[in-house]
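*Asks:* Build the full structure now, drawing on both the sequences and the hints.
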Amino acid sequence: MSKLQTRLFSFVLFAFSFAVVSVLIPRLPLRDGSLPRAVEIPPYSDQGDDALFVSNGSEELSHIALYHEIGSSIEHARRADILLIGNSRVQTGLREAVISEEARKLGLKAFTIATGHADKTRFALELIRKHDLNPRVVIASGGPFVFTEGLSPWAREVMHMNRWEANKRFHERSAAWLVKSRLHRYLPRLDFFNLGPGFPWIHYRSETTGWWRNALEPPGRFPVSLQPERKSYRHTLPLARELKQELDSRGALLVLTIVPYLDTRIGHLPYLSRELGVPYILPSFNGMLTADGSHLERNSALRLSADFWQQFVALESVRVKLSLE
Amino acid sequence: MSFISFSFVGLYFFALLARWGGPLVFRRSHGGGTGLRVLSLLVLSWVFYAWHVPWYILLILVSTGVDYLAARGIHSTPVAHTGRRKAILTISLLTNLGLLGYFKYADFLVSAVNETAGTGLTVPEILLPIGISFYTFQSMSYTIDVYRGRIAAEQSFLRVACYIAFFPQLVAGPIVRATELLYQFGRKRHFHLHVFMAGGYLVLRGLFLKMVVADNLGIIIDQHWAQASQTGQGPLALAMLVFFACQLFCDFAGYVDIARGIAYQLGFRLPLNFNAPYIATTFSGFWGRWHITLSQWMRDYLYIPLGGNRKGRGRAFLNLMLVMLISGLWHGANWNFVAWGGVLGLALGLERLLSIGKAPRGWMGTLTWFLVVQLTWIFSMGLFRAAGIEEGWAVTHNALQGLMTLPMSRLDYIGTDGMIVLGWWFTLPVWLLHVRSLLSERWGWGDPSTYERSFVAGAMLAVLLVLYNSSQPFIYFQF
Chain G
1 MSKLQTRLFS FVLFAFSFAV VSVLIPRLPL RDGSLPRAVE IPPYSDQGDD
51 ALFVSNGSEE LSHIALYHEI GSSIEHARRA DILLIGNSRV QTGLREAVIS
101 EEARKLGLKA FTIATGHADK TRFALELIRK HDLNPRVVIA SGGPFVFTEG
151 LSPWAREVMH MNRWEANKRF HERSAAWLVK SRLHRYLPRL DFFNLGPGFP
201 WIHYRSETTG WWRNALEPPG RFPVSLQPER KSYRHTLPLA RELKQELDSR
251 GALLVLTIVP YLDTRIGHLP YLSRELGVPY ILPSFNGMLT ADGSHLERNS
301 ALRLSADFWQ QFVALESVRV KLSLE
Chain Z
1 MSFISFSFVG LYFFALLARW GGPLVFRRSH GGGTGLRVLS LLVLSWVFYA
51 WHVPWYILLI LVSTGVDYLA ARGIHSTPVA HTGRRKAILT ISLLTNLGLL
101 GYFKYADFLV SAVNETAGTG LTVPEILLPI GISFYTFQSM SYTIDVYRGR
151 IAAEQSFLRV ACYIAFFPQL VAGPIVRATE LLYQFGRKRH FHLHVFMAGG
201 YLVLRGLFLK MVVADNLGII IDQHWAQASQ TGQGPLALAM LVFFACQLFC
251 DFAGYVDIAR GIAYQLGFRL PLNFNAPYIA TTFSGFWGRW HITLSQWMRD
301 YLYIPLGGNR KGRGRAFLNL MLVMLISGLW HGANWNFVAW GGVLGLALGL
351 ERLLSIGKAP RGWMGTLTWF LVVQLTWIFS MGLFRAAGIE EGWAVTHNAL
401 QGLMTLPMSR LDYIGTDGMI VLGWWFTLPV WLLHVRSLLS ERWGWGDPST
451 YERSFVAGAM LAVLLVLYNS SQPFIYFQF
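Protein chains in written order, with the numbering used here: chain G, 1 to 325; chain Z, 1 to 479.
If you're looking for bench data, these hints aren't it; they were derived computationally from the structure. Just to be clear, a hint being listed does not mean it is correct.
According to the in silico footprint, chain Z covers these stretches of chain G (three or more CB under 8 Å from chain Z) [claimed, not checked]:
1. 4-16
2. 19-30
3. 172-178
4. 185-192
Quick caveat, the model's predicted, so the values are computed rather than measured. Note that beta-carbon positions come from the ideal geometry of N, C-alpha and C, so glycine has one too.
*Replies:* Here's what the structure looks like:
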């Protein structure tokens with residue numbers, strides 16, 4: 001065989017085994033007799049020009065982008081009239097299509113710095129102070145635990161990063177995702193480890209509005225429910241008070257609300273409202289469903305957002321603060 | 001910088017361009033020499049290292065500077081001036097060991113002092129510079145070899161710096177001697193497609209072992225390890241130890257495959273570091289197949305200078321134990337690594353004392369001792385993976401119980417947890433790789449042909465692109 005023939009035959013063998021194995025692997029019952037899940041990764045470009053990839057269930061890049069001011073997110077946050085803070089439930093429950101759009105119609109800019117990883121008010125406070133954010137109204141949403149002290153391990157890690165480390169992590173992960181999202185248009189991506197009802201999530205994030213754009217949401221449907229209230233919500237007061245004082249010093253109005261989930265508690269809202277002297281909004285939860293037990297599915301979220309917005313713009317203090325007539 | 005990163009892809013592209021860009025464009029070979037290409041390789045190597053923590057580049061600069069000057073000082077001092085030569089060597093060794101000692105062992109030593117003496121000294125929190133154990137050993141071997149007259153001191157600082165910082169093997173080996181690598185920086189090179197493709201095959205195999213086998217097994221082990229240390233989890237603990245033995249092999253051998261493949265593609269040859277260790281039938285054979293360059297380093301720069309086996313069997317046993325304990329400590333600043341080294345040192349020492357490794361054995365004897373060797377290694381993994389001796393012992397003890405009850409158990413438990421079944425599937429490439437080596441060594445199958453490699457490469461690439469996982473850092477980065 002000539003050198004050329006050897007190379008040609010080698011290439012044919014390579015291509016043949018590649019084709020056979022890539023077809024065969026997804027069909028092998030490797031895990032406990034059940035097939036692994038082939039993860040669908042929608043194209044990057046579908047999320048809009050201002051979208052960053054932030055998470056597919058692992059470390060959320062929002063924390064890095066916001067804390068270390070990578071990209072234009074913080075620039076937009078500084079221009080916001082209405083700032084939303086809270087956790088992933090706010091991101092999925094109060095939707096961009098309603099809140100941001102309705103605000104825009106009134107000539108206002110809404111921006112959300114809510115992040116995943118079950119982060120609490122402390123991280124939002126750090127962002128407000130670090131970047132000197134001066135909105136006119138802050139909407140703080142979440143269950144009682146959002147007003148307890150602490151940071152998620154990921155937020156702590158991000159806050160310990162220097163700019164070099166932060167940029168490396170951010171751009172490395174973003175580039176990897178770009179390649180993955182292109183590669184898996186042609187080849188399946190098999191996931192053996194994230195098979196629970198909470199998966200798959202794929203979040204992008206708008207740099208202009210701060211909202212997650214969920215390219216993929218879990219298909220589950222779990223009804224929202226309420227659970228008995230605690231005797232006291234005093235433990236939520238110190239951090240909520242610190243937030244209120246910080247916003248007072250910036251001339252911002254605090255409005256409390258909650259996005260429901262499985263076993264929601266709402267008793268802290270009237271308590272904190274009374275103690276701090278701030279308004280709260282309790283949208284209707286009737287018939288609402290979550291996609292994974294924790295985050296509202298799309299239709300419920302749109303309904304909740306509309307109800308919330310209606311009550312929000314009806315509040316006298318909000319109308320005054322935002323100069324709405 | 002990790003091989004499994006897009007930053008590295010960019011750096012590697014520049015390295016290839018710097019190495020082959022000129023010759024391919026102008027269609028002529030080139031001498032490496034002290035020219036632009038060695039300089040570009042050095043700059044890229046330093047960028048590779050500084051990517052982790054930029055200022056840690058100073059450590060490698062200190063090592064390089066001291067060893068370059070020390071080697072030249074030793075070389076230019078007449079052999080008769082033993083004292084002066086020894087003094088220069090001592091300065092070099094103290095600098096390297098001092099850096100290694102401070103950055104790797106300071107917190108361990110302070111903790112040990114606090115525990116034994118009951119003091120309350122503040123334990124320093126030091127971020128370990130990646131690969132410091134590897135490049136300090138490599139750097140020291142250069143000065144020692146010059147002292148021993150095995151190699152002349154290199155005149156070019158660039159080449160010495162490039163030898164110490166050569167990025168493919170900088171952070172996790174193989175530990176290359178100056179005699180094996182230094183001369184290659186000055187060699188003329190021609191681009192050969194088949195060599196380039198052979199390098200590509202090694203890179204692909206390394207990525208496959210790391211991202212498919214090691215990283216997927218790593219997730220399963222992380223999820224089950226704590227459970228395996230609980231009483232009554234014998235079969236699970238046994239599975240965990242086997243999985244970890246496979247993970248460790250694929251993680252480390254995968255890294256070395258990538259390193260060797262990249263070096264090949266850049267026109268350099270690095271020594272073999274793993275040679276199917278899980279078919280070794282003796283302990284000494286095992287260390288001739290596992291992390292070969294470290295075993296050889298320990299033998300040449302520690303065991304033999306201590307007297308080796310020249311001072312009687314008892315002393316040889318003690319030397320061996322000392323070397324293995326240090327080897328354990330080299331792997332990590334924790335007592336469980338010392339214990340790990342001790343257990344394996346004891347096994348190796350006993351094998352030598354009883355001359356089991358050399359005595360002729362029938363197939364039954366070979367098989368029995370093979371099982372002893374491999375099971376000892378597998379059980380030692382409990383100490384290697386654990387956060388401390390207690391946890392390591394708990395898992396090992398459970399696994400031993402699991403092994404004892406194995407004939408009576410139907411292994412139902414292993415079969416009912418889908419993740420464990422999946423784990424066994426992920427170990428398959430390790431067995432296939434070792435069976436192939438066995439066929440080559442014992443049954444004369446020879447090395448894989450071009451066609452076999454092409455077929456295997458296609459399959460590995462397909463599995464890699466579909467089943468990859470890249471969530472786990474290289475285990476040996478922490479050493």
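*Asks:* For every hint, state whether the structure bears it out.
*Replies:* Going down the list of hints, with the structure as the test:
1. 4-16: Coverage by chain Z holds here, the residue count being 8 at a Cβ distance below 8 Å.
2. 19-30: Held - the region 19-30 of chain G has 7 residues with a Cβ nearer than 8 Å to chain Z, which meets the minimum of three.
3. 172-178: holds (count 3)
4. 185-192: holds (count 5)
Every hint, counting from the list given before, is met by this structure.
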